[in-house]
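Participant: The chain contents come next:
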Amino acid sequence: MAAPVISKRIHKSQFAVYDERGRKIKLAKRGKKLSRSTGGTIALFLFIGLFAVFMALPMVLTISNAFKPLDELFYFPPRFMVRNPTLSNFSDLFILLQQSWVPFSRYFLNSLIITGFGTLGHLLIASAAAYPLAKNRFPGSQFLMSMVILSLMFSPVVTGIPNFLILSQLNMINTQWALIVPAFAASLGLYLMKQFMEQVPDSLVESARMDGCREIGIWWRIVMPNVKPAWLTLVILMFQALWANTGGVVIHSEELRPLTFAMNMLAGGGIARAGTGAAVMFITMIVPVTFFVISQSRIVETMATSGMKE
Amino acid sequence: MKKRSLFKRIFFPKPANHQRNTTWALVKQNKQSYMLLAPYFILFFTFTVLPVVIAIALSFTTFNILQTPQFVGWTNYIRLFLENEVFMVALQNTLIIAVIAGPVSYVLCFTFAWIINELPPKVRAVMTVIFYAPSISGNVFFIWQFFFSGDRYGLVNGWLLNFGLIDGPINFFRDTRFILPLLLVVQVWLSLGVAFLAFIAGLQTVDKAMYEAGAIDGIKNRWQELWYITLPAMRPQLMFGAVMSITAAFSVGDISIQLAGFPSVNYAGETIVTHMMDFGWIRFEMGFASAIAVILFLMMVGSNKAVQRLLRKVGS
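Protein sequence lines, in the order shown, are assigned to chains A and B.
Take the first sequence: its letter number 82 is residue 82 in the numbering used here, and every next letter is one higher.
Take the second sequence: its letter number 164 is residue 164 in the numbering used here, and every next letter is one higher.
Rather than coming from a laboratory, the hints here were simulated on the basis of the structure.
Wrong hints could be hidden among the right ones.
With a straight-line cut-off of 30 Å between C-alpha atoms, the simulated DSS-like cross-links for lysine-lysine are [said to hold, decoys possible]:
{"id": "1", "chain 1": "B", "residue 1": "31", "chain 2": "A", "residue 2": "309"}
{"id": "2", "chain 1": "B", "residue 1": "313", "chain 2": "A", "residue 2": "309"}
{"id": "3", "chain 1": "A", "residue 1": "228", "chain 2": "B", "residue 2": "208"}
{"id": "4", "chain 1": "B", "residue 1": "8", "chain 2": "B", "residue 2": "28"}
{"id": "5", "chain 1": "A", "residue 1": "309", "chain 2": "B", "residue 2": "305"}
{"id": "6", "chain 1": "A", "residue 1": "228", "chain 2": "B", "residue 2": "122"}
{"id": "7", "chain 1": "B", "residue 1": "8", "chain 2": "A", "residue 2": "228"}
{"id": "8", "chain 1": "B", "residue 1": "208", "chain 2": "A", "residue 2": "309"}
{"id": "9", "chain 1": "B", "residue 1": "8", "chain 2": "B", "residue 2": "31"}
Here chain A stands alone, though its shape is the one from the complex:
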């Protein structure tokens, strides 16, 4: 079956379908009921409903556990939902973190520094590079873009060891720069930004160029204000990546580690810390999810242009 190539609306309630050569094939009513069987609809929604429950159960349990008093966490038979919600886990967590060797505020500040600088730097540096790649053609532009696309095809775990060596050559080991600087050059951000910038009309860029605007000015004053949804997407993706990073092997001083590290230590603390562990998991979950809920529509808007061309 050859799909019709163009369909054109000719009246509020009518449209015409043309084939490749532009010959009119037929006229049709708009809003014609699309081919849908009720049985299929019910089956699909049942399927998605079941999976939604599967996806949501662990998250619901995380929330429920965080508000369970200790005796409910160790109740037999185990209960899924909390009966007598309490905030004691959170107050325990707060006390525990205040007593720890490195104060809670220090971990929090570290996380703020790492995610703040890393996210901001990534947004600026990646979008500065994305603009010429999206709008200009020059020797090497396609090669550089294909390198970036190739780098999407493997994950950074592969380069962990050489990265450590490079960071130590740059004297960045055991400083927060070891997490911040590599984040600047994350490839997904550049890729998404470049795809989104291609949507900016060429005429806008051209007219600025006619007015004698330099490339950096076009990027900052013309293109950047037009791609705000993509800013947010880059920020969210980078924020999530850095927020979840514990510092791993590149930071080993306790007082330089981020909050997630401290949280993981508490969450993995076993039975003695079950209550505070549950509170910790709730907090680590709720921060990125809240960010996403707020920015959802903008992110989806950016993702619409994420497709790869052949």
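Add chain B to chain A, keeping to what the hints say.
Facilitator: Same frame as chain A, but now just chain B:
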């Protein structure tokens, strides 16, 4: 531009339009573009390209970080494939996870996005959050410990004991029969990430008139509509989503370490990533670990390229 001296203008006349065609002239013309690119690509080469080169180079050496690397030829690779039995287990586990979790997650990403797309916008937003939340919630997969905890306070053990299906609690994450299947479940749960969002967004951009035109043109049911209209229109997003899913499916390692332990019982949860971490960060055999990294790199890029080729045939 500086004016050329009279001498030069007389004895070395510029051929018209000659210099504009050379690459160097184009580079000069685009100087400002290169300046915008520079910060990113200097870092990109330092932290992405150079590491791959170094990993390949190191994989032919023995290196313990303290002494200079010694060139040993193919020894690491030979050792890896012929003498290291655990690597075979890791390879097998990684392939099982990649072959099952990768495509399952990919298909689920698309199916959910496709069904969600027909819901009213408000419901769609809620469903998107439900499906996407696990992948962004950091280390919240710890919660699976509560479900499959080894004592009777674990939810699954509790239910099973309550219904009398088992006599004593099962130590799920320490039992070789359960480790890999559980890791698969957790990986699928975690994997509705960027690909899922790309599909949701892509579906919203498909031209509605295409569906109407298709309906007139004799498309009988939603499956035909999916194959002839939706999928071809979404091909760029399908390609992008595949890259995201494949890369994620091969990098499973963290969840294995956190849930099944490091090393896991009888290496039942060992993947190439955990194996690499074992040799790199515990035994400090960096050359050997680099060889493992190179194998993983080739597997990821190879399967990505293969799948891209396959996806070009969608809708034909």
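Participant: Take the hints in turn and mark each one as holding or not.
Facilitator: Consistency of the hints with the structure:
With a CA separation close to 27 Å, the supplied pair residue 31(B) and residue 309(A) stays within the 30 Å bound. Straight-line distance between C-alpha atoms of residue 313(B) and residue 309(A) comes to about 14 Å, which keeps the hinted pair within the 30 Å bound. Proposed proximity of residue 228(A) and residue 208(B) is supported: the alpha carbons are some 26 Å apart, at most 30 Å. For the proposed pair residue 8(B) and residue 28(B), the alpha carbon gap of about 21 Å is at most 30 Å, so the pair holds.
A threshold of 30 Å between alpha carbons decides the hint, and for residue 309(A) with residue 305(B) the separation of about 13 Å falls inside it, so the pair holds. Our distance criterion of 30 Å between C-alpha atoms is met by residue 228(A) and residue 122(B), whose separation comes to about 23 Å. Using a Cα cut-off of 30 Å, the hinted pair residue 8(B) and residue 228(A) is violated, with the two alpha carbons roughly 50 Å apart. Under the criterion of a C-alpha separation no larger than 30 Å, the hint pairing residue 208(B) with residue 309(A) is consistent with the structure, at around 22 Å.
This hinted pair checks out: residue 8(B) and residue 31(B) have alpha carbons roughly 25 Å apart, not beyond 30 Å.
Of the numbered hints listed earlier, the single one contradicted by the structure is hint 7.
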